[in-house]
Amino acid sequence: MSPIFRLPGAVKSRAPLVEHDGLVFAVAVATDKSGSMYQQTKEALATIDQRLAKVGIDKSRIMTAQVFIADMAQKPEMNRAWDEWVDMSNPPMRACLGVALEGRDLVEIIVAAAK
Amino acid sequence: MSPIFRLPGAVKSRAPLVEHDGLVFAVAVATDKSGSMYQQTKEALATIDQRLAKVGIDKSRIMTAQVFIADMAQKPEMNRAWDEWVDMSNPPMRACLGVALEGRDLVEIIVAAAK
Amino acid sequence: MSPIFRLPGAVKSRAPLVEHDGLVFAVAVATDKSGSMYQQTKEALATIDQRLAKVGIDKSRIMTAQVFIADMAQKPEMNRAWDEWVDMSNPPMRACLGVALEGRDLVEIIVAAAK
Numbered sequence: 010m011s012p013i014f015r016l017p018g019a020v021k022s023r024a025p026l027v028e029h030d031g032l033v034f035a036v037a038v039a040t041d042k043s044g045s046m047y048q049q050t051k052e053a054l055a056t057i058d059q060r061l062a063k064v065g066i067d068k069s070r071i072m073t074a075q076v077f078i079a080d081m082a083q084k085p086e087m088n089r090a091w092d093e094w095v096d097m098s099n100p101p102m103r104a105c106l107g108v109a110l111e112g113r114d115l116v117e118i119i120v121a122a123a124k
Numbered sequence: 010m011s012p013i014f015r016l017p018g019a020v021k022s023r024a025p026l027v028e029h030d031g032l033v034f035a036v037a038v039a040t041d042k043s044g045s046m047y048q049q050t051k052e053a054l055a056t057i058d059q060r061l062a063k064v065g066i067d068k069s070r071i072m073t074a075q076v077f078i079a080d081m082a083q084k085p086e087m088n089r090a091w092d093e094w095v096d097m098s099n100p101p102m103r104a105c106l107g108v109a110l111e112g113r114d115l116v117e118i119i120v121a122a123a124k
Numbered sequence: 010m011s012p013i014f015r016l017p018g019a020v021k022s023r024a025p026l027v028e029h030d031g032l033v034f035a036v037a038v039a040t041d042k043s044g045s046m047y048q049q050t051k052e053a054l055a056t057i058d059q060r061l062a063k064v065g066i067d068k069s070r071i072m073t074a075q076v077f078i079a080d081m082a083q084k085p086e087m088n089r090a091w092d093e094w095v096d097m098s099n100p101p102m103r104a105c106l107g108v109a110l111e112g113r114d115l116v117e118i119i120v121a122a123a124k
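Protein chains in written order, with the numbering used here: chain A, 10 to 124; chain B, 10 to 124; chain C, 10 to 124.
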């Protein structure tokens, strides 16, 4: 069994990114919880970028994204941040789901990418 | 880094299917939003079939499915469509979650498959 | 195409675990639906352990977890069970989402792991 790389995070019990055998998984929320849906999405996506950079890839290598949002009525604002950010030449498969999130989190994003 | 295949979709910012290194991810909703949970699930699963066919595989190669439904009370209707459709000799791991979906969508399905 | 291993489950239409080409996916809920969030999470995680053991791996090989809970207010109880269970030297990427689950299920957990 080959080692799994785990990016250290804020707590010991979870990793913000893992990589194994060319597969990369990352998660992000916004740290500024006062932000709007647009702002939180923009920040979370920027955090995804930073995390992918730790393993030498960028958003063009994202295969899938699950975007969990706390208020479906604000999906257009999430989409606005997504469309500004996404690599239109390399768009991921995406699903957007309305769920309950922690505290004032408005969005949480998971991606699967390929090295 | 080897290329990621991305099936073109209705919008430039998302792909309905991606494939890389033998891994395939696809998503589907029903296009007929007037359909019941049974009808929308049936249509979404047929769309999954069509999308997998684009990369030369069928439902027997699905490893996992996440079935997001907008009304947990209608899960039996989703299950009825699932059971009629699924390859009972090759059943995927599946999770069914009640979430908020876009507009009149009653179901959204994500699968991971292997070539 | 190489075979996909599918662990037989309680029903023919779904598998509790699949494995292909070194990738493992497993799902679990608690069977004792009278349990608290803490108890159901503890049981579901123990079931994940048992299922991973069927393909010769343990929780140190988990890459990602999605923890779906039926009541976000009880997330601290889920976290307590998680923190007691997780391999702190090998923490997975994790997302916790509040969704509607079946019947009296309080938690449903999906993991992706590597052989």
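Just so you know, the hints here were simulated from the structure itself, not pulled from any lab data.
Some hints here could point you the wrong way.
Remember, identical chains collapse to one label, so a pair may be satisfied in a single copy or spanning two.
To be verified - Cut-off 16 Å, straight-line C-alpha distance, at most; resulting in silico cross-link-like pairs (EDC-like, lysine to aspartate or glutamate): (1) K124 x E111; (2) K84 x D114; (3) K63 x D96; (4) K124 x D67; (5) K124 x D30; (6) K124 x E52; (7) K21 x D92; (8) K21 x D41; (9) K68 x E93; (10) K21 x E111; (11) K68 x D41; (12) K21 x E93; (13) K42 x E111; (14) K21 x D96; (15) K63 x E86; (16) K63 x E111; (17) K42 x D30; (18) K124 x D114; (19) K84 x D67; (20) K68 x D58.
Hint check results:
1. For a Cα distance limit of 16 Å, the shortest separation of K124 from E111 qualifies neither inside one copy, at 31 Å, nor across copies, at 32 Å.
2. Within a single copy, K84 and D114 get their C-alpha atoms as close as 14 Å, and across copies as close as 14 Å, so both meet the 16 Å cut-off.
3. With identical chains, the CA atoms of K63 and D96 are never at most 16 Å apart, being 19 Å at best within one copy and 23 Å at best between copies.
4. For a Cα distance limit of 16 Å, the shortest separation of K124 from D67 inside one copy, 9 Å, qualifies, whereas the shortest one across copies, 25 Å, does not.
5. Both within a single protomer and between protomers do K124 and D30 lie at most 16 Å apart by alpha-carbon distance, with minima of 9 Å and 10 Å respectively.
6. For a Cα distance limit of 16 Å, the shortest separation of K124 from E52 qualifies neither inside one copy, at 23 Å, nor across copies, at 34 Å.
7. For a Cα distance limit of 16 Å, the shortest separation of K21 from D92 across copies, 9 Å, qualifies, whereas the shortest one inside one copy, 33 Å, does not.
8. For the identical chains of this complex, K21 and D41 are neighbours neither inside a copy (21 Å) nor across copies (29 Å), given an alpha-carbon limit of 16 Å.
9. In this assembly of identical chains, the alpha carbons of K68 and E93 lie at most 16 Å apart only when taken from the same copy (13 Å versus 34 Å across copies).
10. Taking identical chains as interchangeable, the C-alpha atoms of K21 and E111 are never at most 16 Å apart, the minima being 18 Å within one chain and 31 Å between chains.
11. Neither within a single protomer nor between protomers do K68 and D41 lie at most 16 Å apart by alpha-carbon distance, with minima of 22 Å and 32 Å respectively.
12. Only between protomers do K21 and E93 lie at most 16 Å apart by alpha-carbon distance; the minimum there is 12 Å, versus 33 Å within a single protomer.
13. Taking identical chains as interchangeable, the C-alpha atoms of K42 and E111 lie at most 16 Å apart only when both belong to the same chain, with a minimum of 10 Å there against 24 Å between chains.
14. In this assembly of identical chains, the alpha carbons of K21 and D96 lie at most 16 Å apart only when taken from different copies (9 Å versus 32 Å within one copy).
15. For a Cα distance limit of 16 Å, the shortest separation of K63 from E86 qualifies neither inside one copy, at 28 Å, nor across copies, at 32 Å.
16. In this assembly of identical chains, K63 and E111 lie within 16 Å of each other by CA distance neither inside one copy nor across copies; the values are 26 Å within and 34 Å between.
17. In this assembly of identical chains, the alpha carbons of K42 and D30 never lie at most 16 Å apart, being 34 Å within a copy and 38 Å across copies at closest.
18. Taking CA atoms no more than 16 Å apart as the test, K124 paired with D114 passes in neither setting, with 29 Å inside one copy and 34 Å between copies.
19. In this assembly of identical chains, the alpha carbons of K84 and D67 never lie at most 16 Å apart, being 24 Å within a copy and 32 Å across copies at closest.
20. For the identical chains of this complex, K68 and D58 are intra-copy neighbours only, at 6 Å inside a copy versus 28 Å across copies, given an alpha-carbon limit of 16 Å.
Against the hints set out earlier in the document, violations occur for numbers 1, 3, 6, 8, 10, 11, 15, 16, 17, 18 and 19.
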